Amino acid sequence: MNMIKNIGNKLVSWIDERYDLSPVRDLLDHKKVPEHRHSVWYYMGGVTLFLFLVQLFTGILLLLYYRPGEESAYESVRFIVTEVKFGWLIRNVHSWSANLLVLFAFIHMFSVFFSKAYEKPRELTWITGFIILVLTLAFGFSGYLLPWNELAFFATKVGTDIVGVVPVIGEPLKIFLRGGEDVTGATLSRFFGIHVAILPAIFTVFLALHLLFIQQQGMHEPEHFRNLPEEKKKYIPFFPDFALKDLLLWVVVFNVLIFLALYFPWELGNKAEAFASAPAGIRPEWYFMFMFQSLKLLPAHILFIEGELLGVMFFGVAGFLWMLVPYFKIKNRPNWKIQPLTLIGIIVVAFMVIMTIVGYLV
Amino acid sequence: MELITKHVKVMAIDRRKFLNTLLGLGGIGGIFSVFYPIVSYLIPPKSAEPNVNSVKAGLNAEFPVNSSKIVKFGRQPVILIKTDDDQLKALSASCTHLDCIVQYKTDTKQIWCACHNGVYDLSGRNVSGPPPRPLEEYDVKVVKDEIVITKLG
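Chains A and B supply the protein sequences, listed in that same order. Just so you know, the numbering used here puts 89 at position 89 of the first sequence, and the rest follows in order with no gaps. Just so you know, the numbering used here puts 31 at position 31 of the second sequence, and the rest follows in order with no gaps.
Because the hints were derived from the structure by calculation, they are not lab data. Treat the hints with care, since some could be wrong.
[To be verified] Some chain B residues close to chain A (C-beta under 7 Å, calculated; not the full set):
no., residue
1, Gly27
2, Gly29
3, Ile70
4, Lys72
5, Gly74
6, Pro77
7, Leu98
8, Asp99
9, Cys100
10, Ile101
11, Gln103
12, Cys115
13, His116
Since we're looking at a predicted model, the values are computed, not measured. Beta carbons are placed, not taken as given, at the ideal position from N, Cα and C, and that holds for glycine.
Construct the entire structure; sequences and hints are all you get.
Given below as structure tokens:
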């Protein structure tokens, strides 16, 4: 034990002598995390990061057997889950982790929203976070097609057709995404490239910035904590206290993930067939359900505009405004029980939750 | 003497300006010549559309009443339906809403899209749900018991 410690120390001082590790040491020594009744939300970003790492790792493993292409994609996924040792486990973990990742990204985002952690000086942390979320959804959408099954085929048909309703750029963008007029093997090749190369590259840049900003500025202190007298503010050191708690939670999440992967395996379904009717019960992944359901409820025409177009424009504009939330100056109303921005947040969450539930019930 | 230096200075600035402009234009040209092929590469080439005017869709005798099938019409899916009263109908099977492929409901005798609950009647009119337009109709003939679908117009 002592020997390992000795070697470790020697290694660190060897590097230190050459590359000056004092900034890292300072960060580890001085970074502290506020302790208050809402501290639990500080861990959500960490969990999201952990799930992303799981995705990265299992994704690389799947890549060793997956073969894109109309004639091979479905067959290779079937091969992974039936023939390859523990292939079913890796695929189930990848699918489940993707879903949990989106879930925790949303939880993380809303917790930041409601604690107003996006306010100055953290505007760019919010914006990079929003971009990461959009990229995560793009990961989900592109990855969904890769097994080339019926559900994925029609979800992709619908999803890319929605892009087509946007005026001017919609149609060329649709053809770009599909790699042609229709969803075919060309689409699959494209989505594969997007999923395993383009998105990871862009994602890494924004994730690095996001984490860098957080390290530089430290944890956000919510208003009720900031207003406390100095001696009443409690902190825990980031290292090792917070880091160890983080690690413990990662282990818990990992166990939940394995449990889900073992007991609720993901179906592969039937192979996609370009000339077959869409099967009943077709629906997108749950995190697109609220948008899907809203579009479904819109009539074919609203005044002279196509309902679809109006819906798509609405979500586009709403998303863009959501990204710019740090720049809104909305005055607090002292006599309001709930402040305006909080109210907006509650309405947004309620809308998403209700639409999702309706989508699954109807 | 002073005049000469002044003159030289003006010249120098002009030369710098000239070179900068040249460099700038060259740079823009360089960037363009890098991005133009990349963007062009990303736009998929138009696949030669097979010019299909009619397709055969099997024997009429083997096609039961109150049933349907999806027929490949070039790159387009077409739904062929034989109604209860032994009539043949052929319509585009691509839902006008968001491009899903529709199906014939044997119980309600309607055309239904599973993706967003769009409903059409047997002549392709959008009856309920989100579809904005009717389904395009095709001509069906039976030639020596073989069903032939042709484009209208």
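Enumerated hints in conflict with the structure, sorted upward: 1, 2, 5
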